[in-house]
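The listed protein sequences derive, respectively, from chains A and B. If you want the numbering used here, it's the 1-based position in the first sequence plus 748. If you want the numbering used here, it's the 1-based position in the second sequence plus 115.
For the record, the hints were derived by calculation from the structure and aren't laboratory data. Among these hints, one or two may not hold up.
[Claimed, not checked] Derived pair list, reagent style DMTMM-like, types lysine to aspartate or glutamate, alpha-carbon separation capped at 20 Å:
id	chain 1	residue 1	chain 2	residue 2
1	A	K846	B	E231
2	B	K350	A	E1709
3	B	K437	B	D403
4	A	K797	B	D403
5	A	K797	B	D579
6	B	K350	A	E1708
7	B	K470	B	D579
8	A	K848	B	D403
[To be verified] Non-contacting residues of chain A with respect to chain B, defined by C-beta distances greater than 12 Å in every case (computed):
id	residue
9	E944
10	E1684
11	F1713
A virtual CB, placed ideally from N, CA and C, is assigned to each residue, including glycine.
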Amino acid sequence: MDRIRIATVVALQFITGIIFAEPSPDFERDVLPILERSCFQCHGPEKQKSGYRLDVRDISIGGGDSGYPAIIPHDAQNSALIEFVSGVDPEMKMPPEKSKAQPLSEDEITLLRDWINAGPIWPDALAGKVEEVLPHWSLEPLVSPVVPGNESNPIDGFILEKLSEKNLAPSPAAGRVTLIRRLYYNLIGLPPSPEEVEAFISDSSPTAYEDLVDHLLASPRYGERWARHWLDTIQFADTHGYEHDIARENAWPYRDYVIQSLNEDKPWARFIREQLATDYFYPDEPQLTPALGYLGATPFDLSTYITSGVTFDYLDRDSMVTQTMAAFVSTTASCARCHDHKFDPVPQQDYYALQAVFSGIIKGDLAYDADPKTKRDRDHWRTVLSAAQAKDGETLLQSEHVERVKEWLSERKVEKTWTPLNVETFQSTDGVMLTRRPNGAIQSGGPRPDKATYTITGTTELKELTAIRLNVFTVDKLPKKGPGRHEGNFHLSEITVRVFKQGELNPTQIKLRRATADFNQTDWGVEKSIDGNTGTAWGIHPAVGLPHHAVFGFDEALVMNPGDRLSIVLDQLHGTGHIIGEFRLDVSGEGTESTVALPTSIVEKLSIAFTELTESERVERAAAILRFVSDDTLAEFPEYSSVYAAASSVDMPDGADAPKWVTLAKPKPVHRMERGNFDSPAELVEPGALSVITALPARFELTAPEDEASRRAALADWIAHRDNVLTWRSIVNRVWQYHFGRGLCDTPSDLGRMGGTPSHPELIDWLAVWFRDEANGSLKDLHKMIVTSQTYQQSSMTREDAVEIDEDNRLLWRQLRHRLDAETFHDYTKAISGNLDLTMGGPGVQHFTQGPGPQLTPTLDYDAYDWDADGANRRSIYRFVWRGIADPLLETLDFPDLGLLSPKRGFSVSSLQALALYNNEFVLYHAQAMADRLTEESSDLDIQIARATQLAWNREPNAEEQTEFRTYANTHGLAALCRVILNSNEYLFVD
Amino acid sequence: MNPFHPQNPMTRRDALRTFANGFGMLGLAGMLNGEAAASTLSTGHLFPRAKRVIFLFMAGGPSHVDLFDPKSRLQTESGKPLPFAMPALHRTKTGNLLGSPWKFARHGESGMEISELLPHISTCADDLCMIRSMVADNINHNGACLQMNTGEQSFSRPSLGSWLLYGLGSENQNLPGFVVLSPAQPAQGAPLWGSSFLPASNQGTLLVDLNNPIANLGNSQFSSKTQRAQLDALKMINEQHAATRGADNRLNARIESFELAYRMQTEAPEAFDIKGESEATRNLYGLDDPVTEIFGKQCLMARRLAERGVRCTQVYHTQTSKRKSCQLWDQHGGLRQELPNNCAATDKPIAGLLKDLKARGLLDDTLVIWGGEFGRTPTAEGDNGREHHPFGFTMWMAGGGVKGGMTYGATDEYGWHATENPVHVHDLHATILHLMGIDHEQLTYRYSGRDYRLTDVYGNVVHDIIA
């Protein structure tokens, strides 16, 4: 704007200062009506396409975003405005044909020309101005307002103040039965039992209500109820979504983490930090790793991932940016993907800075140790292993490790270890003649083919085998004396060991865990002979003319019974005659220390004491030995736990059985994309957040920007910061929504200009400050503050006097009548039929049967589910949620489309919903189960009926109902009556 | 923005938004009065030329150069390379030009050129408005199907049918307003007919089993007589409950919804039951021949639904007498065998549908749309196949306010690029909405801080094809 002002200063002097004698078109009378009619639609007070508007003099003349003046005084010919309206470039003719605006006639264009050439004269009074943009309410500094009145609960002060402004009275408090039903619904999502209702009604303590609130907040059921609210908000489901909507078998630990965190009442700032970067903030608490499931919660487009990488990167990060900004700071940041946000002060750069926060991670299964000690120990041994691999003397020569090395050597008993295999058969492909030598070795003779495969079978007296050793020997007649037939060298491509158990038709392949050798050719190490790739091999160049050996350790000890035979296949497929000249196979049943081959250079000096060695010899020895020690120790660790998250290294579920490891060595560069077009990268953008929060730096100052976790941590700190005014407003408004059916601002994930207008902004601010400073981010305290208010405890009955003034109850003159949502309908029904299973945690329960689909996405049949199955009656939060294939019953009850963020639930009514509730197997099953329960509890129909209404409605039937229901049950059966009750409004609505 | 301090009088849209989802006050009125609510929006926009849509979807991508877009140079230069560079956007590299193995002839007074594979549709030439210059943006089934149905290639967005239902309501509350008939589930599944962020009541109802069309219409335990008795009991309970709760539209709407559900239980089976159709009608749709029976049944059901005021019916061709597939028209190979099979399965039923609608006076206000997610390359994949081709392909519409016998737009001499009057998918959507009386720029829904449209920020109505 400043630039434009400067550019037009000169022009303005002409316009306002000079009056010509000639009568020229009058702005107000002649020009303005044309502009209003034909231009304002796109370039006026409402819209300013290309930043240009004709209702403000400065901009009319100075031009819009292009910075190019639109009107040049006295020079209509060269004024862009005239060029546009006269259609010099037909493509750019204004108004465009497709707009409904009336084009300018020739006369009108002439009039505009004359007006410009004659000045133009644009009176000050009509100069217009750009409306001063006040900070939006949600961005104003967060200051605790004075609480109106003297109510004991400040919430009531704010509500009553607004009500009295409209001469509205609040509604009276609801009765105790209503209150207990309401509290149970809001706080734990289950119905109170008739006994619990009775106890509450007869509790004469003045703190009865508060006690009940405390009791419910302390219940583990609370976390189960509230977890789903958060999971909706952040779009969590158990499958990918999109075209290849496949299962994420390890998504559930995040769900359990959320439940647990809520039950523990984790402070909000801590909850933020854990979900975004627990690995950075709390490395010593690996049990919190499932928190990172947050980062993986949004959909994953496997198809785009496979076919177009860069587009995928930007789109997938977009999902994380959108999710994070919506969930934590209620900002629609993704609007700034293509251009500066049109309504909120979010420039495009901010959006891409947020993308850069997530540019070092990718979604997939993240392996972790849930037990801190296991993690510490495993980390320790991994450090040792990598030090050994890197021959890092500083680490390896620490006394602790030197001791290890000594110990290892003292336990080693190589010579007693090995027994030759009792060879029974030996043969080769490709015409090689194998012969047995007197010393038991097998020699390769005859023509030398390019490649060959030897197969040897044999037995052993050993009862248990743990390793096999391949010895290769020198032979005088071979070139360079062997042991290989190519200039002394050979290449062992693969070794395969199988066992034929006595009486079994097919052999079992033995898994080889480790291969070691006394010598390894550079890039042709012995591990390549067990890597499953026949293109790689073990070789010994240049150490030819010497015997060598390699040891192959089994993954598990192999029990050998009489009659069991081993078969060993030696593939030597490199070509050019790289085949073994003479060899012998030995077996061993000793432990791992003894059955590794150490490099000759180390073996030669084993008799020399450690202290006598040179520094580099010490490192060599320690490295060689500690590699095995750490390797063996690591092998003993329990398997990793796994959570579907996003991290720098993950195993990506892609529909195949084999793991698919994806690792990002460092964060990918993120460019701002012109117009959001991924083919048009502009400048590189560094990690950061929203510049609109002026109290905090918008770009992160990272000491190690390559450390991707530090980027996420910086964003978490930015969000959780006490001065981030959006964070605190966002969460208190979100929590409010679930207690009153609507937020004080009714767009909980958008507190921006396109969001709703808050009914009580002061109350939001008061709650935000109180929650942050007094409650220290305790959600349970916030719940208690809200539900102990008189506002919350009001009756939900409508009142005609109030309806006239505030029909929609924005001012909260009554409480909302809640309809059971999808989960509570499920859980209530299981509870009152007596089947609710309160088992917590673990993999999700699949309420469907699965069949193969046309592509990776399977077909699901929800109708075929057996409601007697294990876990069928667990709480709905433990349901396996298939993102793209909704449960038909829950969908009609407005379970959201989790292809999208779902900050609030709809509450629809439709005939399809009625049909579903009426005829769905779930309802029929539980109607029968409820009838069974009632019959079991009493054989008296009247008692059964009374019990039924107590369970479902928390009240006794009235006399008329009792009669009607008795008649009804006698005619149609008790299950039919239960089905009617399960469909009743009194059951589905919570007053 | 805040519906309680409206800048403008409340529209049906605002009202729905106010009540967040489904039936609020106006929604309830809508439920009770059917069309009354729908007209609220129509009057706000345009004069509707069509009241309902039947979208015949040939999933997989039907070959335009073999069916509707004959190219003489493609024939004469068959086997030679395409004389210009193919666009960078491609999947597998295709080879040289492949002339159509089939002959074209002119039909009707309009002389519209149609392949010999479609003898029955050819007899309807003068009712067809053929668009030979369709353009889409995505070369894969998933993205292209999503775009054809929702306007967007990857994210979850409301489908065309759900926008129509949202904007216009349903004419018949005893049936779902948006029905999808598909014997095999299309590969992309529910997102093709989902309501996304629109209220859930606007989503399409998928019917996979043509013999048992709507879920939950009945159940295993209770006879319909018992059902009525139960509903009466439920009504009594609910009315007593409502009487003690003051005015609450949701309670009343729910009471009413059960009555509607009950009526749907009786009306829906009737709507889908084609047993009562005359021999002549059944034969018109090819129900007497196993080759045409399945798609014939789908088309006949579509007509019955159109008659009963269903706003949008989508008919996916996903099963023939020989096979079931979510992408029947995806001839990467087997073009010479599979394309004739597909045509044989659909040609007569489609012609039957057009003729039947016309005979019943329904074609005037029923917009029939034929097409797939894209066309196929004029060049060969292998020696008997064609690749995906979104750069220029053919769709046609009939009835509902379009010009019959018209051929609009053209591809280049080889059938590759749409060169004359290109019609993008967004333009098609804008035009469909326009024909239904909706200004595509005005039908919006606010979600996540933005007003969304079916056409996003694109789309021009193709006025030239409107009668």
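Outcome of the hint check:
{"no.": "1", "hint": "K846(A) x E231(B)", "verdict": "violated, 39 Å"}
{"no.": "2", "hint": "K350(B) x E1709(A)", "verdict": "holds, 13 Å"}
{"no.": "3", "hint": "K437(B) x D403(B)", "verdict": "holds, 16 Å"}
{"no.": "4", "hint": "K797(A) x D403(B)", "verdict": "violated, 60 Å"}
{"no.": "5", "hint": "K797(A) x D579(B)", "verdict": "violated, 28 Å"}
{"no.": "6", "hint": "K350(B) x E1708(A)", "verdict": "holds, 15 Å"}
{"no.": "7", "hint": "K470(B) x D579(B)", "verdict": "violated, 24 Å"}
{"no.": "8", "hint": "K848(A) x D403(B)", "verdict": "violated, 52 Å"}
{"no.": "9", "hint": "E944", "verdict": "holds, 22 Å"}
{"no.": "10", "hint": "E1684", "verdict": "holds, 20 Å"}
{"no.": "11", "hint": "F1713", "verdict": "violated, 8 Å"}
Checked against the numbered hints above, the structure breaks hints 1, 4, 5, 7, 8 and 11 and satisfies the rest.
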